[in-house]
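Participant: Chain A is fixed; fit chains B and C with the ligands onto it per the hints.
Residue numbers (the numbering used here), protein chains in the order written: chain A, 1 to 250; chain B, 1 to 284; chain C, 1 to 272.
These aren't lab readings, by the way, just hints derived from the structure by calculation.
Hints should not be assumed to be uniformly reliable.
List of simulated lysine to aspartate or glutamate pairs, EDC-like, C-alpha gap at most 16 angstroms [stated by the list, open to error]:
no., chain 1, residue 1, chain 2, residue 2
1, A, Lys144, A, Glu134
2, A, Lys192, A, Asp224
3, A, Lys199, A, Glu19
4, C, Lys18, A, Asp125
5, A, Lys12, A, Asp224
6, A, Lys124, C, Asp12
7, A, Lys63, A, Glu30
8, A, Lys124, C, Asp46
9, A, Lys124, A, Glu166
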Amino acid sequence: MAILEVSDLRAKYSSKGPEILKGISFQVEEDDFFAIIGPSGAGKSTLIRCINRLLEPVSGTIKLHDVDVLKLGNRELRRLRRHIGMIFQEFNLINRLSVMDNVLTGRLGYVGSLRSIFRVFSNKDIQRALELLERVGLQDHVGKRADELSGGQRQRVGIARALMQEPNLLLLDEPTSALDPKISREVMDLIKTIATELKIPVLCNIHNVQLAKEYCNKIIGLQDGNKMFDGPTEVLNQANLEEIYEMEIL
Amino acid sequence: MNKSDPLRSYSIQGDNVDREWRRFKYPQTLVKYGVLLSVLVFFTYSVHYLNIPLDRIMGMFGRLGDVLANRYYPPDLGYIANQEYLDAIVETIQMAYLGALFGLLFSIVLGWFSAHNVSPSQRYIYPIARVITMGCRSVHEMIWAILFVTILGFGILPGVLALTMFSIGFAGKLFSEEIEAIDMGEVEAIRAMGGNHLQVFVYGVFPQVRTAFTGIAIYTWDVAFRAATVVGFVGAGGMGWYLKRNIMQIETHRTAAILLSIIVLVVISELFSAWARIRVSKAK
Amino acid sequence: MPNETPATTVDDIVRSRKKKQRIQFGFYLFLLGLIVWSIKATVIDDTDWDRIGSLADIGKSISHFIGIDFSLIPSLLGPTIETFMIACIGTLLGFIICIPAIWFGALNVTPFKSVTYPMARAAMTISRSIHEIVWALIFVSAVGLGAFAGILAIAARSLGFIAKMSAEAVENIDPRPVEAIRAVGGNNLQVMLYGILPQVLPIILGIVIFEWEINIRRSAVLGLVGAGGLGLVFFRQMHTFNYPGVTTVIVAIFGLVLIGEVASHYSRKALI
Ligand SMILES: Nc1ncnc2c1ncn2[C@@H]1O[C@H](COP(=O)(O)OP(=O)(O)OP(=O)(O)O)[C@@H](O)[C@H]1O
Ligand SMILES: [Mg+2]
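Okay, chain A solo, but in the shape it has when bound:
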């Protein structure tokens, strides 16, 4: 059964600007670890950002659990977003807040405005945040400020924050491209294990084809806003890659 169904998605950044996505369709199934690959500027981030409408697509449909995402009003959209975890290339943590507070921000969609202003979170949330921080191996850094952490540690906070949302879909926008190869693998391992454990489908932008092949079971390839490849990882061959990247790949 398809969890996420995207069809004929078109997107622009400005009404007069060029079309960045030119009719993309694909489906994400229940336990997919789904990769989007493609050269820089192909529109991978744009595609991911359309799924939770950080960018409003021009046309097309996005169905998540049979809900038409593009038809939702503001309030319902926020309701929907709180179940979509997102992990960013640049981590996007609140640098001035502590690690704990950063993880707790994952609950923002669930707490009232007034409580969130004074950073009042329930004991249950704090308990859960602590468990997640232990899970990602940061139990010793709970009180530190986010900008005192290394890149890999920050991304772990990002993962904990996304999990704090109790997501039923994870969107990853190049989660490892700001990290070195070894840490990249650790982070991908962590995401993969947790996603499998909690049965959360993952949609993942990824630069590194090797990583994509290793961790993902399905791949779509974008080039200049068009879909060039769609299929299971095993099927992807050299010729496909050369077509996607428009160059010889050794």
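Facilitator: Then chains B and C with the ligands, alone, in the frame of chain A:
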């Protein structure tokens, strides 16, 4: 230069224009001299239009020094050393502090609403907030004071309100500029988690601008205090009224004493602000 | 082991967060109390509430101001131009008298540090601490009513800001060109002309334009104390209780300030 400084963008802007300049040197130079010439013509015409006695200017400075030395010196310090005048000083400080405070509270909201990257509604709230800050800025604090005195009568209240409007105009623009320069990644993260506009502001925006806001707030206090020393001119409380009365009665020695007290207070306030600014930038 | 570090049990975290929140809350409460107290002490006790009357009365006095006095518009043109010119010439004059202040007030170029530097700094402080209205009054008493007093007031008030910012710019220059000129045997004047001036001129011009924009706003009120321009018209309308006329003048000021802001924005962009 301080981060909150309104002028900090110059040198940055200067760099990239520079390259274009060299490439089109010939027409650009022509434009430059054209502009220079027309500015010169305009100035000459203005001097003529306003009947400025150019030939007397140099002598004027000498006479001015003379006037200051003979008529304003020595300041009549006895005049300002009494309870009544001290009360007026306290009143001035209170007025400045309340005006700056209210102004800053409004400015935070207005700065948020009029920053186009995070404004809750770009179509309605953004332009309205912009017009409000713009309006507060364009009207001079003295005019605000006169208007409020007309509506509310003499007293501190119109002074406080005038300074509030003034502070809104001053800080609102700086705040929104500061917000427009933030890193949008953090904002996007909060949005992606389903945060509403308020949460986006509190978590995604405010932590990033807190230090800059504090600097701007201190700066606002500085200018509000200076403005507070004169709103009393039109009956809006504080020491301005003493100043006006003595100037009108040509009590130059007393005026000098009052001016001296203003300068001393401003210097104290500035030292205090400088100290506070250093503390803030250290605390981060 | 992680379990032994005290800060990692839930209870501890909850407790420390609660404590922080309590402190924060107390701080806000204190602030609120302070504000309420000063409002009471100054605004409520001091204000003549009978004179103000009810909210309806306030509404009524505000409503006087609604409307535009069209008959006034033709006679506004002259004062508007005058205000604009006062701002322009005042800024120029301020800039001219600024030059020695910048020279004396920048630590790296000031000629006799122990004498000239404090002198320049004192001049800047005095210029900035005295409000333009007070400057105008002083000059009106010295040179008489009219635009000239306004120009002098604007110049006196601008000196502080322009000189302070410019001196800072001079202090922050790139020292390498200066050293280069010193190295080829340039004297102090040559250092200043070829090493320092080219670096800071665009910045100083930017500062002057910025101040000019503010000066438009200032020159619009100097008429209140007899220094010419729109302020005088404003004052007259106020005295004759012609409230729509007051609004008209304010709109005119608004327009002038807007023009100034746009011009300042573009000219600063076009600057070198
Ligand atoms: N905020 C924006 N405004 C306008 N155009 C944008 C914006 N962000 C991206 N673009 C354009 O959209 C196109 C696709 O960008 P996108 O960020 O989706 O690429 P990408 O595939 O994620 O590349 P990368 O691998 O470098 O992250 C690019 O041509 C880019 O110039
Ligand atoms: Mg990208």
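Participant: Give a verdict on every hint.
Facilitator: Structure-based check of each hint:
At most 16 angstroms may separate the alpha-carbon atoms for a hinted pair to count; Lys144(A) and Glu134(A) meet this at roughly 14 angstroms. Distance restraint check for Lys192(A) and Asp224(A): the Cα-Cα separation of roughly 28 angstroms exceeds the 16 angstroms cut-off, and the hinted pair is therefore not satisfied. For the hint linking Lys199(A) to Glu19(A), the alpha-carbon distance of about 34 angstroms lies beyond 16 angstroms, and the restraint is violated. With a C-alpha separation of about 14 angstroms, the suggested pairing of Lys18(C) with Asp125(A) holds against the 16 angstroms cut-off.
Distance hint between Lys12(A) and Asp224(A) is fulfilled; the C-alpha atoms sit about 13 angstroms from each other, no more than 16 angstroms. Taking the CA atoms of Lys124(A) and Asp12(C), the gap is near 14 angstroms; set against the 16 angstroms cutoff, the hint holds. Distance check on the hinted pair: Lys63(A) and Glu30(A) sit about 14 angstroms apart at the alpha-carbon level, within 16 angstroms; holds. Straight-line distance between C-alpha atoms of Lys124(A) and Asp46(C) comes to about 51 angstroms, which puts the hinted pair past the 16 angstroms bound.
A C-alpha spacing of about 13 angstroms is found between Lys124(A) and Glu166(A), which places the hinted pair at or below 16 angstroms, so the restraint holds.
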